[in-house]
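Enquirer: Letter by letter, the chains look like this.
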Amino acid sequence: MDHNSYETTIEGGKHWSFTMRAGTQLRLTDVEGGANVGMLLYNPQNPLERYNAPDTLKCQHTFKLTRGHCLYSDMGRIFCSVTEDTVGWHDTVCGTSNGQMIAQQWGERTYQQYRNDWTQNGLDAFLVEGAKYGLGRRDLAANVNWFSKAGVADDGAISFEPGNSAAGKWVELRFEMDTLVLLHTCPHPLDTSRHYPRHAVTLKFSRAQPVGADDFCLNSRPENARGFANTELYRFCSHES
Amino acid sequence: MKSPVRSELLPAEARYREVIGAGSYWINTLAKDEVLRIVDVEGNQSADTLFFNAADISDRYSAVDTIRAQRNVYLTTGSSLLSTSGNVLAEIVADTVGRHDTLGGACAAESNTVRYALEKRTMHSCRDSYLLAAAQHDHLGIGKRDLGHNINFFMNVPVTRDGGLTFADGLSGPGQYVEMRAGMDIIVLISNCPQLNNPCNAYNPTPLEVLIWNFDVR
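Protein chains in written order, with this note's numbering: chain A, 1 to 241; chain B, 242 to 459.
Not one of these hints is a red herring.
Cβ-Cβ distance ranges computed for the label pairs, FRET-style:
no.: 1; chain 1: A; residue 1: Thr86; chain 2: B; residue 2: Arg258; range: 49 to 59 Å
no.: 2; chain 1: A; residue 1: Gly33; chain 2: B; residue 2: Arg402; range: 19 to 29 Å
no.: 3; chain 1: B; residue 1: Arg258; chain 2: A; residue 2: Asp154; range: 33 to 43 Å
no.: 4; chain 1: A; residue 1: Thr9; chain 2: B; residue 2: Arg402; range: 32 to 42 Å
no.: 5; chain 1: A; residue 1: Arg207; chain 2: B; residue 2: Pro245; range: 54 to 64 Å
no.: 6; chain 1: A; residue 1: Gly168; chain 2: B; residue 2: Glu332; range: 40 to 50 Å
Hints are computed from structural coordinates only; laboratory data are not their basis. Since the model is a prediction, treat every value here as computed from it, not as a measurement. Glycine included, each C-beta is placed from N, C-alpha and C at the ideal position.
Turn these sequences into a full structure, and let the hints guide you.
Expert: Okay, here's the thing in structure tokens:
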């Protein structure tokens with residue numbers, strides 16, 4: 001940690017959590033290709049305010065997440081903006097894997113037998129990280145699956161698209177308000193790889209540039225200008241800014 | 242679009258019938274195997290619906306698990322409505338429309354400010370109806386944290402191949418309905434959507450009707 005940035009790598013099939021201050025940013029890099037990062041966001045001051053995928057999608061008329069999109073809370077505020085993205089499509093409608101799915105797809109590998117190479121699942125990962133802040137099953141919501149894509153056919157059928165992300169691809173999130181981040185690197189629930197996919201992700205924390213009047217996310221849609229206004233009002237009133 | 246599937250159940254044999262005005266909520270318990278019909282009385286009215294396992298409020302409707310399990314973003318006859326624990330809360334057994342939304346979520350005063358204008362912050366919304374229902378039935382133990390992502394029966398939200406989301410005119414019409422059989426004892430919470438700012442209610446919120454049949458009728 002050099003006071004301005006910190007970088008660390010999380011192996012595949014693991015979980016972590018932390019709080020991002022408004023004005024900081026987080027870069028996620030897919031180290032070897034094929035990564036998946038499940039993520040949930042909460043307001044640390046009041047975790048009843050949480051990432052809301054339906055609001056995020058309908059406010060921006062999008063099904064996928066990529067550069068220019070903002071991740072909204074259920075209170076009409078922006079947790080973070082996607083300021084850069086070399087991937088192009090991230091999923092937020094397929095949810096997360098659970099123990100039963102993992103066992104069905106790849107067989108159960110217990111901790112007793114496999115130690116650090118056990119097959120952790122996304123739901124348990126979220127429950128463990130959430131419980132550190134007093135959150136439980138009732139606080140779960142639709143999560144983001146960074147680096148993963150599930151395409152949609154005209155009849156609504158969805159299909160996982162392997163190879164959506166390659167080695168070295170990255171996405172940058174700029175936090176617009178203080179945000180509790182729960183994340184895991186467990187497989188996407190629709191991943192059909194032959195073996196339990198265990199792909200590492202690098203996290204780089206740093207300070208963001210101030211949001212300028214010409215900011216891409218601020219201007220990508222008229223809705224986002226209003227989302228930023230709501231967030232600014234919140235920061236003003238809560239002395240967070 | 243799936244073909245319409247009509248029901249053979251007769252309204253005269255329903256054990257319960259009630260009209261829900263736009264902007265009001267309806268909360269009720271269904272026993273396992275009972276059948277609930279929601280009727281779009283005048284057409285193009287969104288029924289924002291949540292389901293809970295009556296024995297365990299934490300086990301509630303999960304849009305993402307439902308979508309993932311059926312590998313399709315739209316709901317219609319044959320769709321199993323799954324809970325966060327993977328239980329079948331209900332199955333859609335009849336549907337005269339052919340497609341219902343579970344991506345768009347419920348309207349809220351706060352999301353209205355983002356979608357339309359900051360000054361819309363005092364307009365009525367589905368989430369306000371949900372919160373009032375929870376507060377007026379606090380013996381059920383449902384609160385804001387339990388409000389997951391709902392189903393919008395009769396609403397049409399097509400997804401495009403390039404990843405866009407559009408809010409189209411409803412496919413529904415006067416008298417269209419959707420019917421579901423409870424897979425376990427469930428609590429059903431419906432907000433009859435008061436939204437005035439988009440075509441989900443054709444800019445004219447109208448009544449819904451709900452009917453319930455005992456399982457021994459079938």
